[in-house]
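*Asks:* Sequence:
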Amino acid sequence: MAVAARGTRGGGSGGINGGLRTFFSYRIFFSAIFTLLFLATLSILFSSHHHHHDDDSLPSSGNAYVQRTFLAVKSDPLTTRLDLIYKQANDHMTLVNAYAAYARKLKLDISKQLRMFDELAKNLTDLPLKPSYKSSFFEPGSPVDEDVLRQFEKEVKDIVKVARLMIVESKESYDNQIKIQKLKDTIFAVNELLIKAKKNGAFASLISAKSVPKSLHCLAMRLVEERVAHPEKYKEEGYKEEFEDPSLYHYAIFSDNVIAVSVVIRSVVKNAEEPWKHVFHVVTDRMNVAAMKVWFRMRPVEGGAFVGIKAVEEYKFLNSSYVPVLRQLENANMQKFYFENQAENATKDSTNMKFRNPKYLSMLNHLRFYLPEMYPKLHKILFLDDDVVVQKDLTGLWKVDLDGKVNGAVETCFGSFHRYAQYLNFSHPLIKERFNPKACAWAFGMNIFDLDAWRREKCTEQYHYWQSLNEERTLWKLGTLPPGLITFYSTTKSLDKSWHVLGLGYNPSISMDEISNAAVIHYNGNMKPWLDIAMNQYKNLWTKYVDNDMEFVQTCNFGL
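At position 505 of the sequence shown the residue is numbered 505 (the UniProt record's numbering), and the sequence of numbers has no breaks.
These aren't lab readings, by the way, just hints derived from the structure by calculation. Do not take every clue at face value.
Unchecked claim - Just the calculated beta-carbon pair ranges, DEER-fashion: (1) 429 - 273: 29 to 35 Å; (2) 440 - 212: 22 to 28 Å; (3) 94 - 155: 16 to 22 Å; (4) 247 - 320: 33 to 39 Å.
Said to hold, decoys possible - Below, computed lysine-lysine pairings styled on DSS-like, alpha-carbon distance capped at 27 Å: (5) 310 - 377; (6) 432 - 198; (7) 399 - 240; (8) 130 - 161.
Using N, Cα and C, we set each Cβ at its ideal position, and we do this for glycine too.
Just need the whole structure built from these sequences, with the hints factored in.
*Replies:* Listed below in structure tokens is the structure:
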């Protein structure tokens, strides 16, 4: 127990002594720290004071800027503002120098852009060195003048503004990703404009090509007015046996365009060796039949040729129970397709809008498939479109050996163009099974038909079969050429190309030698010769057959 007591007393005395030693050690340590800090502060102050007395140059290094910033802490607000302006100028000078270096790397040393970068960097460097600014801001002991500072700030901001604009502009030139994206955006925007322009252009072209010109409407009205004013002059003529005489040369022309029909007939007669042997069968619609008859009564055909004019409604067998096209026109869906919101549909669907023209189901267009029934006593007949001009005697066509085939026509294919695949839907199994997609297409517009062979081959029945199948437009779009290619498949005889030259209504590159050697030239396409949009290099070939002595042609101002 005694030992324990001694131990306790001795231990208490040692604990007190250790606590005192610890306390004095901390005091010594903190005193040393404060002494060192005091000495370091004095050293910095003395060295800074000495530097400002000994160096009068513009602070341009990092150390100089740190020293100025340190002093700014205990200076007035103008000095702080000066330091911020100076830092902004230095930052933009660094950026400008970086872009200038990149421009040199891209070998743009002679470019205007590089010269501007170098000039900006020089302006930023030289600005603080101006005597007025150097003496006011960068000499020791000089107070900052607020007016001078405001002027300095203005100049710096002006240079910085120009630098920023240059950098933004240069960024697009040097950043490949920005350049690629900008190019993509431009391509997309131009493509959208192109699509819109194509739609509007196609629609405008359709309107200009298919609308009735004012002059043509005027001519029809003047002719009808003449018929009403002088009915005694225009009584119906009696039957002439020449219209059924198979020994003569017979032509079929189906049109509602008075002046166009006149040009076709005048061009045939003027180039015929024996015009009195030529008979023209003109069929038009009920609205234009009177005008057509008045024209040819007022301006009889020269040379003794015969012209017979009828309305399509006079052929009583052409009714909806027999003719698929007329039956399809009674279909509500077909009527909606053709006649509802045509303008709106056209601008939305520029590819197919031309097929929405009701003329493609016009009976005048489809009369060509009923020639044997319309002219039962004839053996051969030459079909002519109303947009052709005849330049040579055509009687040689009646002497061409068709080898027992029905249709004599000029083929239009070359390379992969104008093949059956371009006109028919070969994804349909019936079309794929029956026809060759590489078969050569031919042209309507000038066709010599052997009506006896037609009757033998039952071509009209073939036409009815396929036209009935195409009510939903799944075999071909619309028009008369696709069903013609089907109807006369393997029964068409190819004629020499000089008989029929096409494309004067859309192709400006046809050789004039080819045109002058052609027996028939065809203005197929939208640029018809009686329209203002006709191509000038071909127009005179048509206008020279216009009867300009006809008083109503002058009155209606055709501008030919």
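*Asks:* Lying within 33 to 39 Å: is that true of the beta-carbon distance residue 247 to residue 320?
*Replies:* Check passed, 36 Å falls within 33 to 39 Å.
*Asks:* Mind checking the alpha carbons of residue 432 and residue 198 for me, to see if they're no more than 27 Å apart?
*Replies:* At roughly 32 Å apart (the allowed maximum being 27 Å), residue 198 and residue 432 break the hint.
*Asks:* Taking the beta carbons of residue 440 and residue 212, is their distance inside 22 to 28 Å?
*Replies:* Because 35 Å falls outside the window, the suggested range is violated.
*Asks:* For the pair supplied as a hint, residue 399 and residue 240, confirm whether the alpha-carbon distance does not exceed 27 Å.
*Replies:* holds, 25 Å
*Asks:* Check whether the Cα positions of residue 310 and residue 377 lie no farther apart than 27 Å.
*Replies:* holds, 17 Å
*Asks:* Range first: 16 to 22 Å. Now tell me if the beta carbons of residue 94 and residue 155 are that far apart.
*Replies:* holds, 18 Å
*Asks:* Can you let me know if the beta-carbon spacing of residue 429 and residue 273 is within 29 to 35 Å?
*Replies:* violated, 51 Å
*Asks:* Measure nothing beyond the straight line between the CA atoms of residue 130 and residue 161; if it is 27 Å or shorter, mark the hint as holding.
*Replies:* Holds. Residue 130 to residue 161 sits at ~20 Å (cutoff 27 Å).
Taken one by one, the earlier hints fail for this structure at numbers 1, 2 and 6, listed in ascending order.
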